[in-house]
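Trainee: As a plain string of letters, each chain reads:
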Amino acid sequence: MLNYLMRRLLYAVPILIGVNLITFALFFMVNTPDDMARIHLGAKQTTPEMIEAWKAAHGYDRPLFFNPEAEGLGTVTDTLFFNESMRLFTFDFGLSDSGRDIGEDIRQRMGPSLALALPTFLLGLWVNITLALAVVLFRYSLVDRTALVAAVVLMSISGLFYIIGGQVLVSKMLHWVPISGYQPGADAWKFLILPVLIGVVSGLGSGLRWYRTLFLEEVEKEYVRTARAKGLSPWQVMRRHVLPNGLLPILTGVVVVIPTLFMGSLVMESFFGIPGLGSYTIEAIQGQDFAIVKAMVFLGAVLYIVGLMLTDIAYAWADPRVRFK
Amino acid sequence: MMLTLLWTDTLVWLLVAMLAAWGWSARRDRLVLERWQAVFTSRLALTSALVLAAYVVVALLDSVHFQLAGGQVRSLLDLLFAHLLENTERTYSAPFATREFVKSVVQEGGVTRQVHLPLAHVHPERFWPDVGLGLALGTGLTGLLWLVRYGVSPIFKGRILARADRRLFWAVLWAILTVFCLLWALSRDFHVFGTDKVGNDVLFQALKSIRTGVLIGTLTTLLMLPLAIGLGVMAGYFKGWVDDVIQYLYTTLNSIPGVLLIAAAVLVMQGMLENHPEWFGSAEARADLRLLFLTLILGLTSWTGLCRLLRAETLKLSQVDYVRAARALGAGHGRILLRHITPNLMHLVLIAVVLDFSGLVLAEAVLTYVGVGVDPTMNSWGNMINAARLEMAREPAVWWSLAAAFVFMSLVVLAANLLSDRVQQVFNPRSAD
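Top line first, the protein sequences correspond to chains A and B.
The numbering of the first sequence is our numbering, which starts it at 23 and goes up by one.
The numbering of the second sequence is our numbering, which starts it at 553 and goes up by one.
So here's chain A without its partners, still in its complex pose (with noise of 0.2 Å):
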């Protein structure tokens, strides 16, 4: 197993430096620094020394891969390609276009995202296995018919309008919560708990039917039939056989989205005024700061390779037959 976990990091290397080359080709390349200080600069009459001066302070009047002009070691590492993009296998994460800290921007931020992402994640997780679980329960039935339509009703509606909806309804009708803000410490709830079932309702849908296919290939065999005979109530054999036997395949979705969570959702963020990484980065995207964008397109892949490492252990953790091969 930690064999196979060197394996799986060693192969994470080259599709980091793939990651980087894509995130570099776009932002250098296809746009040159040139292009991209008349964008900072805004004006119409920029003259070329006001650009060969914005590249300066920004460090971009570098080659792109090969300087010639340098020496030994130099030649590769004083280009733009490894300043720019290979700095960032250490976390250093440097400079905003605007000049702040994004390393510890980011520390800051990281925060507020998990309050918000993990709760709904674990409140999203355990309202659809147990709905999933009791619509399987009455497989076929009436209820079980019901519940799929409107988990497809619900799955139509634009994440956009419960967001919306929600805020008018719970906030500006209803005045229970603030429709926007946030505040560290004991009071933090009163700002996340809106965003939270809303994040619950919107991934609703697809949750209760995906978990439902996964329970109902399961409770379709032989043991269930077996536990069933022996005496057990329909709801203990859901929760003491089904739903362990279905952990497996829930295993392989779930847990590669844990460390992403750290990422924050961009649109719930942004709409409920929460500071977090989120947030951040539709700030940054909207500000066409490549440097941010740069650095969170890395962090996102680091923690998905993460999260399929943690999957393979998981993997290995939940099923014997994995562990001793």
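Careful: at least some of the hints might be erroneous.
Straight-line C-alpha distance at most 27 Å; calculated DSS-like pairs for lysine-lysine [to be verified]:
1. 749/B with 194/A
2. 868/B with 243/A
3. 868/B with 791/B
4. 655/B with 749/B
5. 194/A with 212/A
6. 194/A with 655/B
Just so you know, these hints were derived from the structure itself, not from any lab.
Go by the hints and put chain B onto chain A.
Mentor: Quick look at chain B alone, frame taken from chain A:
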């Protein structure tokens, strides 16, 4: 009047031509025909398909552009709803309202008062005549189609619907046509979904948004399919280093969070458009080019899922007896891939295409909200929702833009979801019982 096709228009009609060609070549294929007949035995699927067809027809009407004498570019849909382009008000007004939503300051004989001014293009007395006209037109059109269907029967054999519920088919068709005609007739004398901040008709915006949504849902898959099929089949068939390279490619792309990759690509694309104003002649062409790039980007970022699926299926297929027999008989790689493997993957491709459509329509709204979607000047449900966000915060709230976007968007996504469920059920051999 001169026909001018925008880039996306050309691609849409190309897609229509391809579908028609595929339908023509598959018309003798009993298996495909029977599958489709089975799809439409479900009443829900039949209804959904008709609703989707209505959206597609509107989108196609909106994809034939003319250059008028005055230089403006108008589509067939614009000409059909020309009255809505002209009947603009000054500001917000509620659906079917006769007066403006916001009070204005008026001076009457030295007295300053705040009143809701009457709207310029509303004629309440023509409500019932319009309803009558709409009903008559809708029924008339349905009758006409019915006559064509049964009068010129040999042309339209309707074989795909052979096992469908005929009465339901005509009832739903009548309902859709009548609703459309009612909207058309009423829109001449009312603002059915109200007007927006600068007095533009919201119904018109929602109708124009149909093209954007349908285009993103279909063109993206069209652009993605060659990549997904080509790479997936090659990886599964040739194995070895080809497989390694392709797997590396899609794992790398997959590990970048979807929205971020799209956002990064769109940012770059925006920069490119800013630096190359010579690529487009007008604002419409610019928005259109941006839409084209957006579908391209969405296509480039969304082929990985299908590719992985096709790779796994090809791995299985390349060991099947008939493929080995073909190989033993001396068939080349190209022949085996084209004649024996790819046709047997088509059900997966079809399911993916139908399944992706609704997701892409929903994605457009989110991307536009984030600021990396379609052009802000383009009519789209995402832009409508975006604007509605501020309107809902007003007191009292301006709800009709949001409501219109909600109705138009949810209906098409719901129909697509229901149809894709049925298609999946019928075409997936594993779920066949």
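Trainee: Confirm or reject each hint.
Mentor: Each hint, compared with the structure:
A threshold of 27 Å between alpha carbons decides the hint, and for residue 749/B with residue 194/A the separation of about 21 Å falls inside it, so the pair holds. Of the pairs offered as hints, the one joining residue 868/B and residue 243/A holds, with about 25 Å between alpha carbons and a cut-off of 27 Å not exceeded. Restraint check for residue 868/B and residue 791/B: the C-alpha separation of about 12 Å stays at or below 27 Å, so the hint holds. For the hint linking residue 655/B to residue 749/B, the alpha-carbon distance of about 13 Å falls within 27 Å, and the restraint holds.
Under the criterion of a C-alpha separation no larger than 27 Å, the hint pairing residue 194/A with residue 212/A is consistent with the structure, at around 15 Å. Of the pairs offered as hints, the one joining residue 194/A and residue 655/B holds, with about 23 Å between alpha carbons and a cut-off of 27 Å not exceeded.
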